[in-house]
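A.B. asks: Quick one: dock chain against chain with the hints and give me the complex.
This is what each chain is made of:
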Amino acid sequence: MYYEDVKVVAGETVSGLAVAYGYKAADWVKIWNDNKNAELVKKRGIPNKLGIGDVVQIPIPWKVTNSSVAPTPGVGGVTTEFKRDGGKGTRLSWVQTVYQANQPVTGTTPFCVDGCPPDDDLPFYWTDAEIAADPTLRQKFTDAPSRTAPSAAAGTTTWRAVTSIAVITGKRVTVYESHVWGFNLTPANVVTKVGPRDALANEVSGHLNLLRKGVGTAAGTFSTQGWTFRPAP
Amino acid sequence: MCWVLLLAFMSLTSCTAPGKPSGTSQSPTNVAPEKRGAAVQDWSKFIEPKKAAKVPVVLRVKLITAEGGNKYAFDKVAILAVLKNETKQPFGDSAEVGHYSWEPGVPKGESTIYVEPYSESPDHLWKLLGSTAKEGVSHTKPEPGT
Numbered sequence: 114m115y116y117e118d119v120k121v122v123a124g125e126t127v128s129g130l131a132v133a134y135g136y137k138a139a140d141w142v143k144i145w146n147d148n149k150n151a152e153l154v155k156k157r158g159i160p161n162k163l164g165i166g167d168v169v170q171i172p173i174p175w176k177v178t179n180s181s182v183a184p185t186p187g188v189g190g191v192t193t194e195f196k197r198d199g200g201k202g203t204r205l206s207w208v209q210t211v212y213q214a215n216q217p218v219t220g221t222t223p224f225c226v227d228g229c230p231p232d233d234d235l236p237f238y239w240t241d242a243e244i245a246a247d248p249t250l251r252q253k254f255t256d257a258p259s260r261t262a263p264s265a266a267a268g269t270t271t272w273r274a275v276t277s278i279a280v281i282t283g284k285r286v287t288v289y290e291s292h293v294w295g296f297n298l299t300p301a302n303v304v305t306k307v308g309p310r311d312a313l314a315n316e317v318s319g320h321l322n323l324l325r326k327g328v329g330t331a332a333g334t335f336s337t338q339g340w341t342f343r344p345a346p
Numbered sequence: 715m716c717w718v719l720l721l722a723f724m725s726l727t728s729c730t731a732p733g734k735p736s737g738t739s740q741s742p743t744n745v746a747p748e749k750r751g752a753a754v755q756d757w758s759k760f761i762e763p764k765k766a767a768k769v770p771v772v773l774r775v776k777l778i779t780a781e782g783g784n785k786y787a788f789d790k791v792a793i794l795a796v797l798k799n800e801t802k803q804p805f806g807d808s809a810e811v812g813h814y815s816w817e818p819g820v821p822k823g824e825s826t827i828y829v830e831p832y833s834e835s836p837d838h839l840w841k842l843l844g845s846t847a848k849e850g851v852s853h854t855k856p857e858p859g860t
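Here the protein sequences come in this chain order: A and B.
Using our numbering, the first residue of the first sequence is number 114, and each one after it goes up by one.
Using our numbering, the first residue of the second sequence is number 715, and each one after it goes up by one.
Be aware that a few hints might be false.
[Unchecked claim] So these bits of chain A aren't anywhere near chain B, every CB distance computed over 12 Å:
| hint | residue |
| --- | --- |
| 1 | V132 |
| 2 | Q216 |
| 3 | R260 |
| 4 | T269 |
| 5 | Y289 |
| 6 | T299 |
| 7 | V317 |
| 8 | G319 |
| 9 | T341 |
| 10 | R343 |
| 11 | A345 |
[As the list claims (entries may be wrong)] With a Cα cut of at most 20 Å, we get these calculated EDC-like pairs of lysine to aspartate or glutamate:
| hint | chain 1 | residue 1 | chain 2 | residue 2 |
| --- | --- | --- | --- | --- |
| 12 | B | K848 | B | E810 |
| 13 | A | K306 | B | E781 |
| 14 | B | K768 | A | D140 |
Everything labelled a hint here was simulated from the structure, so no lab data went into it.
What you are looking at is a predicted structure, and each value in this text was computed from that prediction instead of being measured.
Even for Gly, the Cβ is constructed at its ideal location relative to N, Cα and C.
If we strip away everything but chain B, and leave its shape as in the complex, we get (with noise of 0.2 Å):
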């Protein structure tokens, strides 16, 4: 009956709660995003399929920082999970996104946003799809009070 007992509370304490795969316990910083994202929740309702078919990056983001720029301007931002790469390019926990500065950029709290390279340089940076939020995020979930 003990051994039966001891089985019992072993299995508990070393199981995972639900929809939290192990391994989310880890430090995020060592957790790849892609695993982060679907360890969180279901991204797929975060995404939108004609703007995410135009782009070969979707990243689901929360804003850091606006920094401004010149024509461009960049928008630092926490990946918090990658819903689409097409490319070979790794993303870590964050990102500088760009868009024309005279057009609105990555919105303050969480979003889905399209991105696209910047140039044809092989070592290129990111801009949102059109270089504008009107048309490269979705899914935006604002901060409290903002």
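Chain A on its own, in the form it takes in the complex (with noise of 0.2 Å):
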């Protein structure tokens, strides 16, 4: 579990805050009696007296709970799905970074991140249309990665991903509960599965390295767009 600091816009109340980030509404109290906001409670007295300004920290106590990774039958790719717990959280959502080895998808780079080739402008592995079609892919991630078999000469393809929640506040995200995994195929089309497991430091640093140079539809990089990446503090 981490704290998230949200500074207080006009409009925000702290039961709206704790919807935002994954909890039912009647939780607030949740929030407010932390002892983390006991500056902000003797400030106010009352959360209807939040003032622009105050920040309040929000504990994020979400967990993936549910794992897998599995070759996908005929292919030379595995499936994987993660599963958190928590609300759906409109301030929730995923992030991914790949390497595709000796076999990047056209037109893309061997590291990106994923939607990749990008289907929006935005960092995060679904889109708002996808979001806004089916809210629970907040508190789902599925992916299955694929590949024709590599020539002999191109050697082995090691696929792999870094898949993160991602908590948004403002154009800041943070990245934590991240998990590595992915496939080995090799020239005789053999499907090796890697993972699930939880990413190393330098695992999740590169990983936010990535997400910063990262590019969706719109010019530049998200960190030219204004993004900012950080680990969980």
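C.D. replies: See the structure below:
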């Protein structure tokens, strides 16, 4: 668990923030009564007197509760699923960076932010349209990358991904619960699954760098567009 | 009499086969897919109007290769006919069409595919309606033996 520091803007309430970060509205008490907010409570007294610029510390306890990676039958790749606990939360999503090794998708680079090629101008895995159509996507992640068997000269394809829960406050994205997974595909078309396992510190660091340098459909990198990415403090 | 026979012979040799207008003997790369399609048969039998109404482009295609991918996998298809094109984008002899990697893509053999823009980018790729063959494919004709 970590605490997301959220600067209050006009119209925001503790119960509204609770829902945005995956709680039930009635759970606003858990946030308000958290020791990290003791000073704010002392200053404001009651939650509906929250002022613009106040900083609310929101505990983010959600975890990946289910994760699986398995070879996809008849295809040179794997199918993976992650699910997390907590509510949908309009400020919760997923990010994924991938290493495509010797078989990058046409028009993309070996390292990229998935959707790769980009399917919108945001750094998240699911687009706004996809989430609007199915809001439960905020709670689950699905992917099934695959490739054709590489040539003997190209050697084994080592496809890897780092997938994280993304907590979004303005244009700041905090990644946590990062998992590494993927597959190896030999020239003989033999697939070996990799992971899922917890990402190491250096892997999270690389993941964050790729997110900063990543591109969507708009001009420039996500960094130059004003997005910032950080590990959970 | 001789002239009459000669004219009749010339008439026969210049005639095209029924249902195969002149031009179809050209190399396929020299013929616009729209014309190629119209030349082959009545493609209206190969389209589902409800699906077609949801997309700007409908193609009759034959799968060349399923190339895989990341979130989206891409299928390379040979375009047999352009059944609908409300865009300004011309279609050549082949195209790459995306679908969610965990959903079925263009099946082997011939099929009609209903495609929508992959993104809002001006030079966007194409993807199956709903990003899955469950929604974006109809009138499949498997290859013999598949």
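A.B. asks: If I take the minimum Cβ distance from R343 (chain A) to any residue of chain B, is it greater than 12 Å?
C.D. replies: holds (24 Å)
A.B. asks: Hint check: K768 (chain B) vs D140 (chain A), CA-CA at most 20 Å. Holds or violated?
C.D. replies: violated (42 Å)
A.B. asks: Between the alpha carbons of K306 (chain A) and E781 (chain B), is the straight-line distance 20 Å or under?
C.D. replies: holds (19 Å)
A.B. asks: Minimum Cβ separation between T299 (chain A) and chain B greater than 12 Å?
C.D. replies: holds (15 Å)
A.B. asks: Would the non-interface assignment of Y289 (chain A) survive a Cβ cutoff of 12 Å against chain B?
C.D. replies: holds (21 Å)
A.B. asks: Once the closest CB in chain B is found, is it more than 12 Å from G319 (chain A)?
C.D. replies: Check passes; 17 Å lies beyond 12 Å.
A.B. asks: A345 (chain A): least C-beta distance to chain B exceeds 12 Å?
C.D. replies: Holds: least Cβ distance 24 Å, greater than 12 Å.
A.B. asks: Beyond 12 Å from chain B, beta-carbon-wise, is V132 (chain A)?
C.D. replies: Given a closest Cβ separation of 28 Å, the condition holds.
A.B. asks: Please check whether the beta-carbon of T341 (chain A) is more than 12 Å away from every beta-carbon in chain B.
C.D. replies: holds (23 Å)
A.B. asks: Per the stated criterion, does the least C-beta distance between T269 (chain A) and chain B lie above 12 Å, as a non-interface residue requires?
C.D. replies: Holds: least Cβ distance 15 Å, greater than 12 Å.
A.B. asks: Quickly compare the C-alpha distance for K848 (chain B) and E810 (chain B) to 20 Å and report which way the hint goes.
C.D. replies: holds (18 Å)
A.B. asks: With 12 Å as the threshold, tell me whether R260 (chain A) passes as away from chain B on beta-carbon distances.
C.D. replies: violated (4 Å)
Hint check: violations occur at hints 2, 3, 14; the rest are consistent with the structure.
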